[in-house]
Amino acid sequence: MNFPILSTLIFLPLLSSFFIFLSKDKKNNFGPIYISLFSSIATFLLSLFLWYSLDINTADFQFVEEKSWINDFIKFKLGVDGISILFIVLTTFITPICIISCINSVKNRVKEFLIAILILETFMIGVFCSLDLIIFYLFFEAGLIPMFLIIGVWGGSRRVYSAFKFFLFTLLGSVLMLVAIIAIYWITGTTDVTEIYNIKIPQEYQNLLWLAFLSSFAVKMPMWPVHTWLPDAHVEAPTAGSVILAAILLKMAGYGFLRFSIPMFPFASEFFTPLIYSLSIIAIIYTSLVALMQDDMKKLIAYSSVAHMGYVTLGIFTFTKQGIEGSIFQMISHGLISAALFLCVGVVYDRLHSRLISTYGGLVNYLPKYSFLFLVFALAALGLPGTTGFLGEFLVLTGTFQKSYLAALLGTFGVVLGAAYMLWLSKRVIFGVTTNPEIKTLSDVNKSEIIMLVSLAFLIIFFGFYPVPLMETFGVSVNSLIDNYQLALNSR
Amino acid sequence: MINNLNILLPEIFLSLSIFTFLMIGVFVKKSFNLIFNLTSLILILAIAMILNSPSYEEKIFLDSFTRDSFSNYFKILILISSLFVLNSSKNFITENKLDKFEYPIIILLSILGMFFMVSSNDLILFYLGLELQSLSLYILASIDRDNLRSSEAGIKYFVLSALSSGLLLYGCSLLYGFTGSTNFDLISNELDQENIGAVFAMVFILVGLAFKISAVPFHMWTPDVYEGAPTSITNYFAVVPKVAGLALLIKFMLIPFSNILLEWQTIIVFISIASMILGATAAIVQKNIKRLLAYSSISHIGYALAGVATGAISGYESAIVYISIYVIMNIGAFSCLYLLKKDGQYKENISELSGISKKHPLLAISFLIILFSLAGVPPLGGFFAKFYVFTAVLEQKMYSLAIIGLLTTVISAFYYLKIIKTIYFDDSVITFETVKNKTAQVSIFLSCSILLTFFLYPSILSNLVNSLFIS
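Protein chains in written order, with our numbering: chain A, 1 to 492; chain Z, 493 to 963.
Please keep in mind that the hints were generated in silico from the structure rather than gathered at the bench. Positions of the beta carbon are idealized from the N, C-alpha and C atoms, including for glycine. A hint or two may mislead.
Unchecked claim - One-sided excerpt, in silico: chain Z residues whose CB lies under 8 angstroms from chain A:
#1 F864
#2 P870
#3 P871
#4 E887
#5 A894
#6 L898
#7 A905
#8 L909
#9 P950
#10 N955
Claimed, not checked - Result set (DSBU-like, lysine-lysine): computed pairs, CA atoms no more than 30 angstroms apart in a straight line:
#11 A:K165 with Z:K910
#12 A:K24 with Z:K930
#13 A:K107 with A:K165
#14 Z:K910 with A:K107
#15 Z:K834 with A:K24
#16 A:K200 with A:K67
#17 Z:K928 with Z:K521
#18 Z:K592 with Z:K839
#19 A:K369 with A:K440
#20 A:K24 with Z:K833
#21 Z:K913 with A:K107
#22 Z:K913 with A:K165
#23 Z:K850 with A:K24
#24 Z:K850 with A:K107
#25 A:K24 with Z:K851
#26 A:K165 with Z:K850
#27 Z:K889 with A:K67
#28 Z:K928 with A:K24
#29 A:K75 with Z:K889
#30 Z:K913 with A:K24
#31 A:K107 with A:K440
#32 Z:K851 with A:K107
#33 Z:K851 with Z:K589
#34 A:K165 with Z:K851
#35 A:K200 with Z:K889
#36 Z:K779 with A:K165
Only chain A is shown next, with the shape it has when bound in the complex (with noise of 0.2 angstroms):
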């Protein structure tokens, strides 16, 4: 393999950006629309290839790229394996449809739009391919940039506040995880995640680099207490940003705890694992709660997160199969889930301009499809079998079982609180009364609107009966993962 086809698809977007950059603003934008369109669903098709030609039977990195960078001792490394595999297919299969989104929901500047996308696709699927720490970083921290305009220019009435919050909590949050990168450096040798494997960071660094890690992630995921910028970064930002945000960005942390924090310092997860279950739990039950007094619609959805990426971080922290793949699992199906709940919002608020559940109500009488849809969503996000929700939720308990009775009783208990805030919203949403007579005014979804709603949806009934193309993909990898924690701990 000398094509470096990691590159390409890395550097793809980041091209078509700019040749959107050059194209004419012409009156209905379509050509930047169609280069940007173009390219993503190109990228698409270059990440199935590449989940396609994958080995899954081994859980070694795989199309690696390897150039020496920063004075030959900091490698611009890439590489694959069965997890970062289906990240990248998330990133590049959501990232069109974004594309598709704003053609109704981005009215000035869309092509400054298109590009700000593209790039922060670029900086997504880096993230999930570096191998280095400190291209790691470079990407974490690189996406900032374009998330911060996405929410800034095109985003609500607070926009400017939510973009600060956001920009500022991350940065905080990643310049501890820059230190203990860079010490890290000086401890090993090396920035090079394989090396680093096997070097094996002495036992005294690893709780502090650990918790610096931990800063950034925790933000990132975002763990409660932490999580106060996502909601308001959720209501503000676009539909687009809300989608990209909520279906990706969140789960680069989750990719981080996968990556970094648990193959790189396994005494430290060890030792901080209750800290995480408390974490978690809290987020699950606390999210919960108030996701149920939320009156807006997409704050709900947010808190809903929260809750969401609480299994996951419990998942994870079991170390067992169960609970590790239950995390992936998770992640992947919240990101189709969260895109689409997001996407159902900006549907009616591009026709209505509200957000507020106290808005709408009845939609079903006037809106069968879209209340169709929205209702597959909002079962699948409250984890109905036959659903991508039910799998990850079901795994990650299954594994939480058997390392703590507690953390799954209640988080059990989460799942309950998930449904009611579920079920309260589609009742309040889709049936009732129609109190508001702008409401029988309105056009039902559009074909774009179908394209994007029902390739989601197919998705995640599709791997709610078959799991199989999932689990296998990233099964050898995570029992790498798993038995290296374990002969990690027992060489004490």
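Given the coordinates of chain A, assemble chain Z onto it according to the supplied hints.
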């Protein structure tokens, strides 16, 4: 000795040009344009001369003047940055009636002073160079003499700077008294940690140097002078003297004070942390963009000093890389100011920047890139500057310095974001004219492209700087 005079070739060349230009200025009427263009030419020729000079170390005049790759690097950095600063500000100078023929000549004089500063290997020569540079800068600060604020800035700078020069000179005399020599190499041999008097001398010298690079707590003059002086002069102030000052500081640590590193370090760590914190917090409330850039430059000097504070070669290297990238960013940032004109007046208030993203998208995106780079967000050049510094700091296990430094980057990110917010998120209040200023646009373009593509080959600059210390 006469045979060795070619060591001084760039300096001699500059001095002769200055004399010639003065004559031209006296005898030719309206000679500003002529002298200005000739100055640019002289700067380019001087760059060529330095590039052509050999890279091994040579000393002249009883070892008081050194020419090595270290000083050559700084001289080239000074020349290139002056070239860009001068040329991008030409429109500004002529439009604000600052086009006196003395303007470029005084700039050349200050450059000559800085040349002697970075090349000096002797307390006397070092002080002469420093004073030549400072005196030129006093005049430059008040060059708009009919403007009250410019004159005020000049006086303020003169009084405070003269005080600091006095302290510096006192330190030099103490040092001479305790070591019996003015030569850096000899001082270095004489000094050790037992020598309490020399430590006193060091503190005085450090105060003087910290003043010149506007490090906290000797920064008081910076915001006022930056705001009061004409933008073209502020631009020069923000870039060129900082380079020379930092070079001198590193030189002092490398040669005369190399044996009392521990004493240095404690002070520099304090100055560095204080500059980072004050620069980050005080800038938040600023309304004037020049004042804001003043505080931003204070905090950037803090980061560069963090590299110096390590007391290791890798730290000095990182500080030099830092200041080089800082120069690139600041040239870009100030060049943007030359394009913000409304009714013949250049605007300086941050709130007036609102909405330039609609009418001037290219200017807005350049500003965006430069500001994110100043904030140190990857993958832009400013990130790598900070990355090198903190890598060096952590190599010496100075964890608290690194953590404080990185936390202040978050605070300073806030005010850079505030400008970006004004440019991109707010609705426009006033519409700026479309300014035709090719040179400023070229500066902005170059600065942005370097910052954007720096991540492709981040080691070019650090390898270059690394080669300065291998001799």
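Just pull the numbers of the violated hints for me, sorted ascending. No numbers; nothing is violated.
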